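Q: Residue numbers (the working numbering), protein chains in the order written: chain A, 58 to 447; chain B, 371 to 454.
Be aware that a few hints might be false.
[Unchecked claim] Straight-line C-alpha distance at most 20 Å; calculated SDA-like pairs for lysine to any residue:
#, chain 1, residue 1, chain 2, residue 2
1, A, K440, B, E416
2, A, K353, A, E121
3, B, K431, A, S366
4, B, K431, A, E283
5, A, K279, A, K353
6, B, K431, A, K353
7, B, K372, B, D417
8, A, K440, A, S366
9, A, K359, B, K372
[Claimed, not checked] Over 10 Å on every C-beta distance to chain A, these chain B residues come out as not near it, computed from the model:
#, residue
10, K374
11, D377
12, V389
13, Q391
14, D394
15, N429
16, K431
17, G448
Hint data in this document are derived by calculation from the structure and do not stem from the laboratory. In this text, all values refer to a predicted model and were calculated from it rather than measured experimentally. For glycine and all other residues, C-beta sits at the position ideal for the given N, C-alpha and C.
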Amino acid sequence: MTVTVGKGLAERAERVSAVAAAHADDVDAKGRFPREAVEAMIAERLLSIQVPVALGGEDASISEIAEVCSVLGQACSAAAMVFAMHHIKLSSLVSHGAGDAWHSAFMRRICDEQLLLASATTEGGIGGNLRNSICAIEIDGDTCRLTKDATVISYGAHADAILITSRAHADAASTDQVMTVFTRDQYTLEQTHVWDTLGMRGTCSDGWLFKGEAPKAQILPKPFAEIAAQSMLATSHLLWSAVWYGIAVNAVARAQAFVRAAARKSPGVTPPGALRLAEASNLLQLVKSNTIAGLKEYEAAKADPDRLSSMGFAVAMNNVKIASSETILAIINQAMLICGIMGYKNGTPFSLGRHLRDAHSAQLMISNDRILGNTSNLLLVHKQDTSLIG
Amino acid sequence: MKQKIRDILTKHGGLPTPVDQLADDADLYAAGLSSFASVQVMLGIEDAFDVEFPDNLLNRKSFQSIDAITRAVAGLVGNAEAAE
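With the hints as constraints, model all of the structure from the sequences given.
A: Encoded structure:
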């Protein structure tokens with residue numbers, strides 16, 4: 058079956074967004090998985106849009122997926138982030154597993170069964186440095202086994218498969234890593250941490266002791282260093298930015314509704330928040346332009362592994378993430394100043410507490426300090442691109 | 371040139387394996403070269419050979435092995451024989 062993307066995709070995303078919006082406050086209040094929204098994604102077959110047509114998917118581009126992230130982010134940050142993280146994992150399979158029998162067959166299963174993928178890259182003892190592992194995969198004939206103290210697996214309890222990093226073998230250096238797909242029937246999870254947080258409460262990013270056993274064919278055929286550089290880091294920064302943009306868009310929409318209501322009440326008098334709204338709109342456009350530029354750069358570099366692995370590309374993607382994660386806070390804060398107490402209170406049409414709390418996660422999911430440290434190291438040798446449009 | 375590169379790798383590469391135990395074509399990333407250390411190695415090479423890496427050489431491939439680094443540096447110093 059061939060499904061056309063484009064307008065059809067936008068409509069499907071809007072239908073999921075409506076479901077997500079209806080449950081967003083409850084998901085946030087209870088810190089629960091946004092199951093209604095994810096069920097709607099499954100009903101609209103959004104979990105497989107990135108898979109190539111030949112394997113049963115729709116060949117959706119990163120920009121199309123980002124658009125869905127933004128639409129969902131305007132309704133429920135947690136649902137949007139689950140969708141984004143699933144597609145970040147899927148991008149690793151599409152980019153690095155398409156030539157491989159097991160992973161191709163698995164992508165077909167993702168399409169047929171609308172499987173939800175989770176990620177386990179963080180580990181107790183290494184902090185957030187995902188390019189290091191302590192645990193090592195053990196290969197025994199055709200079987201591989203892995204035990205990992207995964208301090209965060211977002212929606213781990215709700216996923217159908219987990220893509221998990223480890224050292225490539227027992228004697229491998231900490232940076233010599235592989236990524237392996239384990240399906241739900243191939244692992245057990247024992248909960249070690251509870252995700253009770255300021256915001257992004259519905260991603261249920263609990264900590265787990267992971268124990269899995271699977272055929273070794275499920276190890277992705279490329280080193281994780283290449284997977285990280287060529288698909289995972291870039292798609293993370295871009296799709297996260299799209300989600301964050303969506304959160305900011307909805308905050309500005311609420312602030313604009315507030316200003317317009319005030320303007321209608323007293324025609325001829327410019328409402329006090331109008332100027333701040335203009336400022337927020339300006340910042341929102343910056344985030345949008347920045348994200349679009351990043352998406353275009355990724356689309357242009359996608360077919361060229363050397364360009365994807367280049368320092369210039371890494372610097373550009375890092376900068377997209379830093380700028381969007383910082384700027385959305387300024388935007389939502391501005392929206393809060395506009396809406397005043399109506400924005401600060403929960404349960405009003407102008408409430409912004411959830412937006413602000415969710416947005417605070419952006420600077421922390423891969424700490425901006427770590428990313429700036431990485432960029433500053435690259436800039437010791439990388440030369441700046443001085444062209445405007447090149 | 372290779373010895374000089376090996377010395378720089380020893381000093382800045384932060385590798386868990388002694389560099390003299392690595393073959394010229396051994397994968398340095400598999401040997402534990404981190405992205406941070408690879409930049410330090412590049413800086414060391416730029417200083418030692420008085421060259422500057424252009425952006426098209428600033429990728430993983432150029433620093434994949436001692437052979438790859440040698441090729442990149444030889445191209446920059448404009449003396450292919452130096453690679454021998």
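Q: Look at each hint and say if it fits the structure.
A: Do the hints match the structure? See the list:
| no. | hint | verdict |
| --- | --- | --- |
| 1 | A:K440 / B:E416 | 14 Å, holds |
| 2 | A:K353 / A:E121 | 12 Å, holds |
| 3 | B:K431 / A:S366 | 8 Å, holds |
| 4 | B:K431 / A:E283 | 11 Å, holds |
| 5 | A:K279 / A:K353 | 25 Å, violated |
| 6 | B:K431 / A:K353 | 24 Å, violated |
| 7 | B:K372 / B:D417 | 15 Å, holds |
| 8 | A:K440 / A:S366 | 15 Å, holds |
| 9 | A:K359 / B:K372 | 34 Å, violated |
| 10 | K374 | 18 Å, holds |
| 11 | D377 | 19 Å, holds |
| 12 | V389 | 13 Å, holds |
| 13 | Q391 | 13 Å, holds |
| 14 | D394 | 19 Å, holds |
| 15 | N429 | 5 Å, violated |
| 16 | K431 | 6 Å, violated |
| 17 | G448 | 20 Å, holds |
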